[in-house]
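Chains as they are written, first to last, in full-length UniProt numbering: chain P, 1 to 853; chain V, 1 to 538.
None of these hints come from the bench; they were simulated from the model. If you're wondering where the values come from, they're calculated on a predicted model, not measured in any experiment. Check the hints yourself; a few may be wrong.
Stated by the list, open to error - Just a few of them, taken from the derived set where beta-carbon distance is under 10 Å, the chain V residues facing chain P:
1) P92
2) S97
3) N103
4) A107
5) I108
6) L112
7) L115
8) G357
9) M359
10) G360
11) A404
12) K405
13) P489
Glycine included, C-beta positions come from ideal geometry on N, C-alpha and C.
Residue-level listing of the chains:
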Amino acid sequence: MTTVAIDSLLQNPSLSFRPKAKVFLKPSRSLNCSRNRKLLFSRAACSCSFKPRRKIHVVKASSTDTALIDTSSSDDVLYKETFPVKRIEKVEGKIFIRLDQSKDQQNWQLTVGCSLPGKWILHWGVSYVGDEGSEWDQPPKDMRPPGSIPIRDYAIETPLKKLSEGDMFHEVKIDFNPSCAIAAIHFVLKDDETGAWYQHRGRDFKVPLVDYLEDDGNMVGAKRGFGIWPGALGQFSNMLLNSEASHGTSQNGSSESKDSKRENRQLEGFYEEQPIVKEVPIGNLVSVTIRKCTETAKDILCLETDIPGDVVVHWGVCRDDARTWEIPAAPYPPETTIFKSKALRTLLQPKGTGNGSTALFTLEEELVGFLFVLKLEDNTWVNCKGNDFYIPLAGATGVVSQHAKSDSVSDSVSEETSNKAYTEGIINEIRNLVSGLNSEKSQKTKTKEAQESILQEIEKLAAEAYSIFRTSVPTFSEEAVLETEAPEPAVTISSGTGSGFEILCQGFNWESNKSGRWYMELKEKASEISSLGFTVIWLPPPTESVSPEGYMPSDLYNLNSRAVVGDDPHFQGRGNKSSGDNFHAAPNIDHSQEFVRKDLKEWLCWLREEIGYDGWRLDFVRGFWGGYVKDYMDASEPYFAVGEYWDSLSYTYGEMDYNQDAHRQRIIDWINATNGTAGAFDVTTKGILHSALERCEYWRLSDQKGKPPGVVGWWPSRAVTFIENHDTGSTQGHWRFPNGKEMQGYAYILTHPGTPAVFYDHIFSHYRSGIAALISLRNRKKIHCRSTVSIKTLLHIVGTKVKIVKVERDVYAAIIDEKVAMKIGPGHFEPPSESQRWSVALEGGDYKVWEAS
Amino acid sequence: MEVSVIGSSSQAKIRRTELAYRDLRLCFGNNDKSKVLSLKPNSLRFESQITRFRKAGLRFTVKAVQAEAVLESKSFARKKPLDRVNLFVGLPLDTVSECNTVNHARAIAAGLKALKLLGVEGVELPVWWGVAENEEMGKYDWSGYLAVAEMVQKAGLKFHVSLCFHASRQPKISLPKWVMQIGETESSIFFTDRSGNHYKECLSLAVDDIAVLNGKSPIQVYQDFCESFKSAFSPFIGSTITGISMGLGPDGELRYPSHHKTAKSGKMTGVGEFQCYDTNMLNRLKQYAEANGNPLWGLGGPHDAPAYDQSPNSTNFFKDHGGSWESPYGDFFLSWYSSELIAHGDRLLSLASSVFGDMGVNVYGKVPLEHSWYKTRAHPSELTAGLYNTASRDGYEAVAEMFAKNSCKIILPGMDLSDAQQQHESLSSPELLLAQIRTSCTKHKVGISGQNSASGAPGGFEQIQKNMSGENVLDLFTYQRMGAQFFSPEHFPSFTTFVRSLNQPELHSDDLLPAEEEVEATESVHRSSDPNVHMQAA
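Model the full structure from these sequences, guided by the hints.
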């Protein structure tokens, strides 16, 4: 029976998983399919976004209670504020690939172009005839177009150039001689402006130059094995290179070839276009004006925006400072519905000018504030720096002087807003000062501009300093408080943390399914992985699925993904639980349905008990409430569980904000909703590490209270720290860790609290020894995911509390548990030799770790 | 090419260093031929912002030659107001925490940048005994302070370090742990008042030379501390670090802790109490009395002095007329009490100047401004603090003389206080007292560095400016102190105005900005016909 066979794969001691090592599963998108993937390969997934199955109560819009906006409002503006908002617009364009023969008939030319504006870079390499595996090699020197830069020893980066000034098209041409033993040219496209990578079906584009290459699914124009790609992706012409058709028509002297393998190669030119979607950040404005209606004494709030398309405003009002949303009494503007009895939804009406849209709201006098967020056509939300937009109403009775305005804003609790108001206030004052001085001569020299920018700079800095000073708690008292936290019980197993000493190995990458027998390959590596010190291994999804990587499951009880069994006839497994009926779960799983949850719980228990998985990795948990996760965890009692709550960090004009508290709070909220039964990937830490390492801004690694700035700083035991996974890195590269800085990243996460996860590609790379040394140190020094606090003298940090000892632009240093000291960054640091003697445990490029001896 | 200006139209030569503080310069990011334009005398400088202004710079370079020429031709017009005050700003008291980390480092970094852009000369930082030598005697940890020094250096600011051998209440920074441990068993190392209360925020001056600290005397321990500081900071001393002030007592000031508690706001400051009741002080008093042939006077302090918060007339000692202070006993006691203080100051300052004297830094000590009751004849607040200054005796002569002897400069606080703000009943006069001390300093050629009152509300810029523009020029002025309040919208703009007014003491409208027509004039180099103007290409 097949289940038995799977059992033996996972649980037989002969597998030499250490008893400690846990097999770990990623049910992935089975639990939700609403992931709004941004890039090419997953556009298919966008179509099945999560739709709440709620009844929407439509407010009957009779003519008496809507649109009662009196035109008799006075012209006195009580309040006016314009909020800049950013949104991502998807611009569609195409990538074209052309292979043709050059004029001299000797060489061939591959042209890759792109129709979208951007700073495009072709990241490419070749594979040679006879190469094993999917590694790239560097092309021969004469193939590299001018301006090419070699990347390590396997790739070349060549910028695409505009054909002519003012032309949108960018392209690059690669000339090559078909008689050199190149089997294929591989490439991906990178946009240097946004850092985004563009790939082909989640892999590199592959232009085969010989006809016998195995199709891994990413060949340009090769016959598709799967008919699963809907839309444009599935429609492009299948054969770019049709070697069969060209068989025997020798055009370019293949007889000179010495390699018999190449004799039947015939190149044929082709031209191929592929759709591409680029995300372009667009700045828009939302402006709010409040006027007094002279007749009714009500406030009339006018909301305007220049965001194109349909904009729905979700709005409510509040009666106190707590900003609790409530639904005001009618009248409402036209096109208003009640949403979940919590908010009103109003479709903004296009402005007469055809540019943007607007709505007018009539509001009672006694209300304190007007709250709203915007929902755009593409289902993205626009809020105000992570919070709801908040328009104070009560304070809006006075005159609209600059002063009153900044006051009313700073009265609102929102830190950002008040800071902004503050800065503006000062800048204005200084401006007055400057203009006062200058008016004496009324000259407009450039010096004045320069001077004004200095003054602005000064005020900006002062505002920054002010906001930090104001919020920082004196270190002395805070640390004292930390020490007195009740010690948590020693080692108890909880699904949110495992034993607390776990080190996670992500045992696959985006390519793993290609092997066709990944679970078997991993089995062979299991003892090796275990010996490196890992305690938990995370396996790719095993279920039969739509995507070859195991996502989008079609039959949850059929453990038939290529990753598990591939072509091995030994494992044609179906679960005995499966009746063969279709699983209840549609692409949009409605977790609120009792029967759906029941089925899922059954399935998880089956995996846990009969198959032998020890834990879960939950994909895209943003899509469903953490409370359901708690339900699933309670039912399946995993040894360890972790969810991926991945959304964007906050940026201001392209620069990552220092304060990512809102971001980590959203992750913490989710963990909290699961009641701590699952941990979550610390996306915040990864993001901050990106900026810190890439831009040498190590100060980002200490938050305003001197703690780590990610989830690990707030809820270390539930933070699963990582620097890369199959989505961010591997061949997808959606959010790749800064190149070459990986070891600094590992020096950070493997010495810090939280449960660190190491990515497969990094374990089996030249980083292996460095990572192994860090893991060994972590295990030796018994660093764990949280503190077992023992109270010692004041001002000594005990337990796995990180004492950040030095944060500067170019160096970050911390002492963990008083047992391990570490620094990353080019700057200098030596651990203070007050109470311990430190000896260097390991060191590498821009990182160094000491242990107390 | 860098162009600087030497103007000799008045008696003082403008040296480059001084110039740097006064001139608005645009440094263009042209690596090889970076130009410095002295566009606008008497204003801000912003070299550190080169990158920010690179764009602007590009626009300038086109006309660079002309612009230089204009400026050079204009520079002679500048009145020479170069005896200006160097403005410093104090960093937060808890900049370095007890575990030797830099608190709110990012805020400070931003603050430093802002100050630099404003044209502030440098910053002052208290270096606490209780932080750097906290764990055990002779075990120093300078890491936090070094980190700050690096930040300051990086910001291109000067650095003034205050060595604090006292404790702070707010924020709470105690004396070193090991000292406090000794104090638990040996409370006589602390000042003690008539009622036996110990003042644990600094050591009694009577133990200066007694080996009470693990076999070493406090003076030796202070000396070791200074030596260690010197070696740890040697790369900075004389370059970034331009001044070191030596802590002399409570709040670093040369005084007795005659007021254990600072007066509540709105309440009048009392006269304070004499602090001569620890064993060692009493011993010394006894010896002194015996040596003077009055052994009975050496049994204790004055019995008829008021309590801390009382007014002078509540008991007999400080009465304006017929008070004991004027009696032979009073003179005997006050002479001894004040001479002990001056001797203590002398010990510490000679120590400091022997350690740091050859390092190219100025050594400072701080003298208190005990201005309450200054308008009475007895000056009781000064007397209890150990400054024997009355209507009939100048107590600051001896102090200034002691500073002069050690080649040290005096820090004077309270430059923001004006008489008008004082409560009438307190008979206080900060302005008169300040003037008196400054006269003594001038007489003994002791340089003065000003401060605003540490405890008082920030502000008082008018008064500060008045104090700075007097005939006796201040060496530098340290504004206390960076923090949330400092950068707050209520305060920072007025501080900005203050700094600008300092940097433009006699702003002539001609000096404001080069007029447009002049910028565009091409022959301006040749127009400069003043023989006193020399141009020097450096």
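- request: Mind checking the CB of I108 of chain V against every CB in chain P and telling me if the closest is under 10 Å?
  value: holds (7 Å)
message: Just to be careful: measuring from the Cβ of P92 of chain V to every Cβ in chain P, is the smallest value less than 10 Å?
response: With Cβ-Cβ at 8 Å, under 10 Å, it holds.
query: Holds or violated: is the Cβ of G357 of chain V closer than 10 Å to a Cβ in chain P?
result: At about 30 Å, which exceeds the 10 Å cut-off, the nearest Cβ of chain P leaves the hint on G357 of chain V violated.
- prompt: Should the hint that N103 of chain V touches chain P count as held when the rule is a Cβ pair under 10 Å?
  reply: holds (5 Å)
field: Interface hint for A107 of chain V, Cβ within 10 Å of any Cβ on chain P
entry: holds (4 Å)
G360 of chain V as chain P interface residue, shortest Cβ-Cβ below 10 Å: Nearest chain P Cβ about 25 Å off; hint violated.
query: Close enough to count: is the Cβ of M359 of chain V nearer than 10 Å to one in chain P?
result: violated (24 Å)
L112 of chain V as an interface hint toward chain P, with CB separation required under 10 Å: Interface hint status for L112 of chain V: holds (9 Å vs cutoff 10 Å).
Residue hint A404 of chain V, partner chain P, criterion CB-CB below 10 Å: The hint is violated - A404 of chain V has no Cβ within 10 Å of chain P, the shortest such distance being about 39 Å.
- prompt: Minimum Cβ distance from L115 of chain V to chain P below 10 Å?
  reply: holds (9 Å)
query: When the nearest CB of chain P is found for S97 of chain V, is that gap smaller than 10 Å?
result: Holds, about 4 Å.
message: Restraint: P489 of chain V near chain P, CB-CB cut 10 Å. Satisfied or not?
response: holds (5 Å)
Violated hints for the displayed structure, listed by number in ascending order: 8, 9, 10, 11 and 12.
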